[in-house]
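Participant: Residue-level listing of the chains:
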Amino acid sequence: MFTSRKLAYPVLRTLPRSHRSGRRWQSTEAHPAGGHLPSIATSTFLKPTRDLSLRTAGLRYVDQTDADPTREMVGRETRKMNMYQAVRDALSIALTKDETAVVFGEDVAFGGVFRCTMGLAEEFGRERVFNTPLTEQGIAGFGIGLASMGQTAIAEIQFADYIFPAFDQIVNEAAKFRFRSNGNFDVGGLTIRCPSMAVGHGGHYHSQSPEGFFMGAHGIKMVIPRSPIQAKGLLLSSIRDPNPVIFMEPKVLYRSSVEQVPMDDYEIPLGKAETLLRGEDLTVVSWGTPVYHCETALKMLSHPPPTLAPNVPATLRSAKVELIDLRTIMPWDVETIAESVNRTGRLVVVHEAGRTGGVGAEIGAEIQKRCFLKLNAPIRLVTGWDTPVPMQYEKFYMPDPIRVLDAVVETLTY
Amino acid sequence: MIRTLRIPHRFSNVVRGCRGVASTAAQLPGPGHAHGHLPSSTSPITSKLHFFNSVTEGGKQIPTYRVIDGAGQPLEGAVVPEIDKPLARRIYENMVQLPILDDILYNLQRQGRIVFYMTAYGEEAAIIGSAAALAPDDEVLAQYRESGVLLWRGFGYDNIMNQCFGTHLDVCGKGKQMPVHYGSKELHYHTISSPLATQIPQAAGVGYALKRDLTRRGRNCAVVYFGEGAASEGDFHAGMLLASTIPSPTLFIARNNGFAISTPSSEQYYGDGIAARGPGYGIHTVRVDGNDVLAVYSAVREARRLCIEEGRAVLVETMTYRVGHHSTSDDSFAYRPRKEVEDRKRLDNPIVRFRLFMEARGWWSKDEEAALTKRVKQEVMAAYKKAEALPKPELREMFTQVYGGEEPWNIKEQREELQRLVRKYGEAWEPWRSELKKHRGEGKELLE
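Those protein sequences? They're chains E and L, same order as listed.
Mapped onto this note's numbering, the consecutive letters of the first sequence carry residue numbers 1 to 414.
Mapped onto this note's numbering, the consecutive letters of the second sequence carry residue numbers 1 to 448.
No wet-lab data here; the hints were simulated from the structure.
Misleading hints may appear alongside valid ones.
To be verified - Cross-link-like lysine-lysine pairs, in silico, DSS-like; alpha carbons within 30 Å at most: (1) E:K97 x L:K386; (2) L:K386 x L:K438; (3) E:K369 x L:K412; (4) E:K374 x L:K424.
As the list claims (entries may be wrong) - If you only want the chain E side, here are some residues facing chain L, beta carbon under 7 Å, derived: (5) G141; (6) I144; (7) G145; (8) L146; (9) M149; (10) E173; (11) G188; (12) H201; (13) H204; (14) A217; (15) H218; (16) P242; (17) N243; (18) T356; (19) E394.
Even glycine gets a Cβ: it sits at the ideal position worked out from N, Cα and C.
Use the sequences and the hints to build the structure in full.
Facilitator: Right under this line is the structure:
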């Protein structure tokens with residue numbers, strides 16, 4: 001009997017390993033709520049080692065460990081974190097360093113629907129990390145009240161799609177608070193965090209990028225990080241900025257973007273874009289998830305896969321494209337973009353939000369004004385279509401690498 | 001003098017008669033109908049199907065607390081709050097000054113000297129009575145008809161005039177907002193904004209901040225004023241919910257004055273006013289005669305005490321009547337009879353009621369009335385004359401305080417763009433030419 005069983009198995013044993021190591025065999029976890037983008041794992045923009053992480057451009061440590069600035073990185077540690085862990089780390093540092101800081105929103109006490117507040121209520125207590133009833137206008141108003149008293153209010157809106165009940169409080173109150181009282185009152189201590197952007201299966205109400213709606217709310221700032229290191233540093237800067245900030249976290253990146261993140265308290269400046277790739281022939285500007293699609297598109301430009309090779313003229317494959325992550329959407333870094341486009345003469349802006357009324361239109365108008373005579377092609381926008389995000393059609397809705405590649409090729413050959 | 005003047009019933013501005021449906025209270029299960037409770041709850045199970053639509057026991061309207069009647073005499077069984085002569089006089093003088101100030105500023109708008117104004121006629125007791133019951137550093141978030149609170153705290157007529165005229169001495173907002181949008185950090189009065197009810201959830205947050213501040217916890221509360229119309233906004237529900245649930249020491253004072261512009265309260269809500277909502281949030285609630293300054297004072301004192309002691313929302317609904325128009329943009333005789341207003345002024349006058357109370361105690365006299373009126377008029381007119389002569393703020397101020405910290409490029413560039421335009425067209429373009437002269441510095445600071 002034992003022998004016959006032994007005979008049955010060799011057939012299976014000779015199968016290549018890869019067939020046995022598919023996800024079906026390994027993972028017992030349900031599909032993550034925030035979605036999953038495996039292509040990001042190999043991005044060169046993520047920093048997998050301590051050294052690369054500590055050398056992040058523009059990173060400023062808050063606590064000096066050494067009087068000698070050249071020894072700034074000595075003794076500093078990093079830890080592997082995904083974006084929700086990096087957000088959580090930033091919140092923990094804010095709560096530790098600032099006695100007045102509180103974190104509140106729907107479901108934050110148990111850890112949050114995206115785990116951004118895991119363990120914070122246990123560590124800092126329910127007076128500082130607490131659930132609110134289900135009311136976004138209440139959450140925003142409450143945060144404004146707290147911040148008007150000089151305290152630090154870190155509010156969470158569960159999905160950016162649900163920020164609209166708070167629109168009046170944000171636009172009519174938070175944004176105007178300082179101006180209307182000539183600085184007697186302000187709500188600089190307010191930060192509103194919300195998960196945004198597409199997740200693959202979010203449909204109309206779990207995929208939105210509402211930054212365009214807030215562009216007219218002069219007095220607030222908007223920040224969108226692309227990675228764990230960026231999220232932690234930008235969030236700490238946002239919390240400490242003397243203006244109310246809406247911090248939109250691309251939810252699909254919560255788990256999909258992973259890198260070594262410095263464990264210390266550090267900030268990354270607001271209002272400054274980051275040039276990820278240097279180039280001379282064309283500038284691509286984006287933020288959040290599409291940054292990675294741009295990266296993929298540029299790889300496909302220089303090394304098109306066989307099926308796409310006919311669409312990418314050989315002359316273009318050596319084109320050097322400059323890729324810029326805007327990071328702060330309001331106020332946006334016009335100097336960096338204009339300087340780049342004045343050099344390259346071509347601009348493509350990529351964002352998930354729909355075309356009309358999107359931030360790309362604003363950037364396009366300002367850059368054409370500044371770089372008019374240097375432009376060699378019309379400014380091109382690659383965006384979601386002017387429809388609500390449609391569930392089953394998402395692959396054709398969101399700007400993916402092929403659409404970015406197409407826009408780049410067309411702009412280069414204009 | 002009529003000893004016990006009852007205020008005519010028809011002036012009750014919570015018109016329940018037109019509902020046409022009997023009010024019924026909830027019924028606790030009696031013997032034979034009780035079957036334990038829901039799990040983890042004290043809600044008793046009953047086998048009797050019974051619908052209720054009232055929060056009061058007899059299904060009647062929530063009663064209104066009053067201390068003195070129309071003739072200023074304490075009601076039978078009423079407890080007159082302990083106030084001494086100086087406090088009573090201070091309350092009375094503050095009440096009297098309001099309509100005098102309002103008269104002058106209202107007329108200034110009519111003459112085109114200021115662009116807009118809102119009066120508080122008829123609500124003097126609700127506003128001053130509550131102001132007197134608060135600590136001077138309780139944080140006040142008001143709607144727009146509560147400048148009496150600010151004056152009680154010592155704001156002064158100069159600041160009022162400078163804000164209404166939008167002069168360079170406007171401490172509230174340097175001419176950036178419409179008249180009556182006052183604010184004062186020193187006096188703990190948050191700057192008014194036009195959108196209604198937005199201040200309500202903010203007050204819940206302010207209350208929480210007071211709770212978190214160990215130097216003020218248990219000593220101060222946030223106080224939020226709003227009208228019965230604003231209480232229809234979602235922000236009212238949000239604010240009540242947060243202050244009752246989180247909780248935070250926030251005192252909610254609803255001025256039910258019968259109108260939201262032209263909309264009478266019968267078209268604003270179907271339930272028993274604003275007070276009926278309080279128990280829905282599980283909070284201490286009281287309805288008070290808003291034209292009886294002693295009742296308002298008593299009720300708000302106690303409400304404040306409960307609010308701070310329990311660290312939770314408390315609701316006070318003051319029943320009053322908006323004698324004046326909604327604002328200078330409104331003519332209320334378009335939607336209510338003149339006679340109704342005249343009758344109210346005559347028969348339920350908060351200032352007269354308190355004056356009669358004071359005179360009965362020998363705390364006030366006709367001579368003092370004349371002297372006070374004269375003095376207030378003089379002081380207000382003097383403040384007006386000063387403010388009228390002042391220029392608007394420097395044109396450059398238009399671009400200040402949009403952001404804190406570093407000025408963003410778009411603000412800087414737009415200011416420079418205006419600079420270019422003023423330099424180019426300031427003399428040649430007439431509307432700008434004369435307008436520039438009204439600003440302090442005449443725009444020259446922009447041209448440097």
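Participant: Return the status of the interface hint for G141 (chain E): holds when the least beta-carbon distance to chain L is below 7 Å, violated otherwise.
Facilitator: holds (3 Å)
Participant: Restraint: L146 (chain E) near chain L, CB-CB cut 7 Å. Satisfied or not?
Facilitator: For L146 (chain E), the interface hint holds, since the closest Cβ of chain L sits about 4 Å away, which is under 7 Å.
Participant: So, as I understand it, the hint says N243 (chain E) touches chain L; can you test that by seeing if any CB pair is closer than 7 Å?
Facilitator: Holds: closest Cβ of chain L sits about 5 Å from N243 (chain E), inside 7 Å.
Participant: Mind checking the alpha carbons of K386 (chain L) and K438 (chain L) for me, to see if they're no more than 30 Å apart?
Facilitator: Cα-Cα ~15 Å, so holds.
Participant: Min Cβ distance, P242 (chain E) to chain L: is it shorter than 7 Å?
Facilitator: Check passed: Cβ of P242 (chain E) comes within 4 Å of chain L, closer than 7 Å.
Participant: Hint check: is the beta carbon of I144 (chain E) less than 7 Å from a beta carbon of chain L?
Facilitator: holds (5 Å)
Participant: Holds or violated: is there a CB of chain L closer than 7 Å to the CB of H201 (chain E)?
Facilitator: violated (30 Å)
Participant: Can you confirm whether the C-alpha distance between K369 (chain E) and K412 (chain L) stays at or below 30 Å?
Facilitator: holds (17 Å)
Participant: Is the interface hint for H218 (chain E) satisfied, with its Cβ closer than 7 Å to some Cβ of chain L?
Facilitator: holds (6 Å)
Participant: Quick check on the hint: A217 (chain E) CB to chain L CB, less than 7 Å?
Facilitator: Violated: closest Cβ of chain L sits about 11 Å from A217 (chain E), beyond 7 Å.
Participant: Is the shortest C-beta separation between M149 (chain E) and chain L less than 7 Å?
Facilitator: holds (4 Å)
Participant: Less than 7 Å between beta-carbons is the criterion; does G145 (chain E) satisfy it with respect to chain L?
Facilitator: holds (2 Å)
The earlier numbered hints that this structure contradicts are 1, 12, 13, 14, 18, 19.
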